[in-house]
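2 protein chains.
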Amino acid sequence: MSNPALSWIAVDWGTTHLRLWMMDGNDKVIARRESDRGMGSLTSDGYEPVLLDLVGDQLPETQTPVIICGMAGARQGWAEAPYASVPCAPPSLAQATRVATQDPRLSVHILPGLSQMSPPDVMRGEETQIAGFLASEPNFDGILCLPGTHSKWAHISAQEVVSFRTYMTGELFALLSGQSVLRHSIGQGWDDEAFLGAVSEMLSRPAGVAAELFGLRAAQLLQAQSPDVARARLSGLLIGMELAAARPYWLGQEVVILGAAGLAKAYETALNGQSAWCRMVDIEGITLQGLTAAHGQLTQTR
Amino acid sequence: MSNPALSWIAVDWGTTHLRLWMMDGNDKVIARRESDRGMGSLTSDGYEPVLLDLVGDQLPETQTPVIICGMAGARQGWAEAPYASVPCAPPSLAQATRVATQDPRLSVHILPGLSQMSPPDVMRGEETQIAGFLASEPNFDGILCLPGTHSKWAHISAQEVVSFRTYMTGELFALLSGQSVLRHSIGQGWDDEAFLGAVSEMLSRPAGVAAELFGLRAAQLLQAQSPDVARARLSGLLIGMELAAARPYWLGQEVVILGAAGLAKAYETALNGQSAWCRMVDIEGITLQGLTAAHGQLTQTR
Numbered sequence: 001m002s003n004p005a006l007s008w009i010a011v012d013w014g015t016t017h018l019r020l021w022m023m024d025g026n027d028k029v030i031a032r033r034e035s036d037r038g039m040g041s042l043t044s045d046g047y048e049p050v051l052l053d054l055v056g057d058q059l060p061e062t063q064t065p066v067i068i069c070g071m072a073g074a075r076q077g078w079a080e081a082p083y084a085s086v087p088c089a090p091p092s093l094a095q096a097t098r099v100a101t102q103d104p105r106l107s108v109h110i111l112p113g114l115s116q117m118s119p120p121d122v123m124r125g126e127e128t129q130i131a132g133f134l135a136s137e138p139n140f141d142g143i144l145c146l147p148g149t150h151s152k153w154a155h156i157s158a159q160e161v162v163s164f165r166t167y168m169t170g171e172l173f174a175l176l177s178g179q180s181v182l183r184h185s186i187g188q189g190w191d192d193e194a195f196l197g198a199v200s201e202m203l204s205r206p207a208g209v210a211a212e213l214f215g216l217r218a219a220q221l222l223q224a225q226s227p228d229v230a231r232a233r234l235s236g237l238l239i240g241m242e243l244a245a246a247r248p249y250w251l252g253q254e255v256v257i258l259g260a261a262g263l264a265k266a267y268e269t270a271l272n273g274q275s276a277w278c279r280m281v282d283i284e285g286i287t288l289q290g291l292t293a294a295h296g297q298l299t300q301t302r
Numbered sequence: 001m002s003n004p005a006l007s008w009i010a011v012d013w014g015t016t017h018l019r020l021w022m023m024d025g026n027d028k029v030i031a032r033r034e035s036d037r038g039m040g041s042l043t044s045d046g047y048e049p050v051l052l053d054l055v056g057d058q059l060p061e062t063q064t065p066v067i068i069c070g071m072a073g074a075r076q077g078w079a080e081a082p083y084a085s086v087p088c089a090p091p092s093l094a095q096a097t098r099v100a101t102q103d104p105r106l107s108v109h110i111l112p113g114l115s116q117m118s119p120p121d122v123m124r125g126e127e128t129q130i131a132g133f134l135a136s137e138p139n140f141d142g143i144l145c146l147p148g149t150h151s152k153w154a155h156i157s158a159q160e161v162v163s164f165r166t167y168m169t170g171e172l173f174a175l176l177s178g179q180s181v182l183r184h185s186i187g188q189g190w191d192d193e194a195f196l197g198a199v200s201e202m203l204s205r206p207a208g209v210a211a212e213l214f215g216l217r218a219a220q221l222l223q224a225q226s227p228d229v230a231r232a233r234l235s236g237l238l239i240g241m242e243l244a245a246a247r248p249y250w251l252g253q254e255v256v257i258l259g260a261a262g263l264a265k266a267y268e269t270a271l272n273g274q275s276a277w278c279r280m281v282d283i284e285g286i287t288l289q290g291l292t293a294a295h296g297q298l299t300q301t302r
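Which chain is which? The protein sequence lines are X and Z, in order.
Under our numbering, the residue at position 79 of the first sequence is numbered 79, and the numbers go up by one with no gaps.
Under our numbering, the residue at position 205 of the second sequence is numbered 205, and the numbers go up by one with no gaps.
Calculated directly from the structure, the hints in this document are not laboratory data.
There may be inaccurate statements among the hints.
[As the list claims (entries may be wrong)] Not the full set, but computed from the structure, chain X residues with beta-carbon under 8 angstroms of chain Z:
#, residue
1, P120
2, R165
3, Y167
4, M168
5, L172
6, V181
7, E201
8, S204
9, P206
10, F214
11, L222
12, Q223
13, M241
14, A244
15, P248
[Claimed, not checked] Listing some non-contacts, in silico: residues in chain X with all C-beta distances to chain Z over 10 angstroms:
#, residue
16, D27
17, R33
18, A89
19, A94
20, P104
21, G189
22, L221
23, E268
Beta carbons: idealized from backbone N, C-alpha and C, even for Gly.
Based on the provided sequences and hints, a complete structural model is requested.
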């Protein structure tokens with residue numbers, strides 16, 4: 001049974017998860033679906049069946065465009081969408097990789113990520129968030145901060161990504177709080193003062209991080225430091241180290257933080273503590289906005 | 001069946017493993033045994049059976065001293081051996097915790113670790129290596145570097161540990177090379193030039209570590225950087241960051257590296273690259289030497 005209102009499908013296909021939106025016209029969401037069949041669990045012939053599982057019963061007989069961003073375009077993904085190299089605008093649909101499918105009802109486009117040769121760096125997925133942000137604020141000139149597993153800082157000017165840098169902050173936090181000796185000392189709570197103190201320490205003495213990390217364990221053993229303080233301090237040490245390295249990005253610049261509520265708030269608190277001026281834009285919807293911008297290019301070129 | 005020559009037992013009981021030596025007189029090794037029944041896998045009533053499994057058939061009817069260092073003395077170990085607080089000499093047998101056993105043939109002594117209140121820090125096991133080193137070089141005045149999972153730097157003067165600091169360098173290396181996104185980029189080989197380059201970068205700009213780490217992944221994707229270069233660079237970034245923080249310890253000081261051959265050599269290479277003067281002392285035997293020094297104190301006080 002086909003749904004006559006479905007006009008295209010937007011997909012954010014990451015390493016561990018995918019999110020998908022069924023769209024009516026250019027920008028009306030009919031339905032949203034999620035799955036844990038991320039790139040990490042799939043071989044290249046596994047993508048089409050996952051897509052058909054999620055939307056097959058809704059596909060009309062006419063061909064439906066599927067516009068994908070994220071790790072599905074990696075070399076080990078569905079099909080490689082070679083990086084566009086900065087400085088450049090976030091890749092348009094014209095740069096997308098077309099993928100042949102068994103099912104003739106699908107017309108699949110995978111958007112490329114961005115690369116930078118010096119220093120070497122890559123992104124896949126964030127370029128579409130940046131495109132989504134620029135769709136709302138085309139004249140933005142300044143810095144985007146995209147906190148996450150691999151936090152990105154990007155310099156945006158004249159609708160282009162001029163340069164960017166990735167910090168493994170979120171992955172370090174996950175490894176240290178979940179799998180290192182510190183897991184015994186880290187709780188689920190929070191303490192703003194401990195967080196800000198740790199951020200300041202790292203901005204002054206970033207080299208000390210490996211000792212301050214072990215100090216979280218020692219402070220629990222010797223001073224019964226609370227697990228909530230330890231968690232806030234761990235976050236502050238790692239975000240503080242990132243801010244110390246990213247200082248040329250944020251010092252004296254307009255910074256917009258694109259991130260999930262809790263984490264974006266921590267970055268805002270840290271930057272405000274350094275008298276940096278920043279604002280947050282909710283990430284929810286930004287990726288879809290970027291995919292929608294790409295779909296708009298499809299309509300234009302038809 | 002008893003072995004009349006067994007006079008005492010030396011044990012290095014760590015988190016994941018234990019090593020044990022059966023001794024004749026003060027310092028003659030009869031046999032060496034190993035087990036993976038470390039502190040992490042035992043509750044407090046599990047230690048005596050492990051010990052009896054390993055040496056029970058060799059115990060004479062008379063009581064045999066068992067001298068233990070390491071995590072068996074932690075709060076979650078066999079019995080807590082409260083930390084001695086620096087500045088102080090490595091703990092002597094008089095400071096050891098006596099543990100009652102079911103088997104009357106055992107007389108168990110657990111040596112304390114060391115603690116430092118400011119900045120908060122702890123060690124368990126390394127204090128006995130330091131005691132072993134000082135047994136050979138009682139007049140040493142300088143810096144000991146003990147690389148490992150949790151690398152220690154200790155300032156030694158007048159046979160005391162004046163201060164020390166722990167860096168999570170080895171654990172970070174294990175987590176990043178084995179469990180992070182970098183695991184795909186890291187090989188088993190080595191490259192001295194890449195290692196020294198990364199050490200120098202971190203000594204100049206330690207804050208950048210989280211970006212340089214992700215750069216290992218990007219350099220593989222964009223420049224086909226070899227997995228051996230990536231491994232040496234990862235090691236250099238982490239050891240370089242440790243050296244940047246520990247600079248007040250090593251700058252203009254005599255440094256002795258107490259460590260396993262490969263890792264100690266990397267630290268020596270890194271320090272020599274900074275024109276620091278250091279020498280290596282083989283770690284094999286140092287722990288036993290420290291336990292033997294403690295046993296010598298038992299004989300004296302009998």
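**Study point:** Violating hint indices (sorted, rising)
**Key:** 7, 8, 15 and 22
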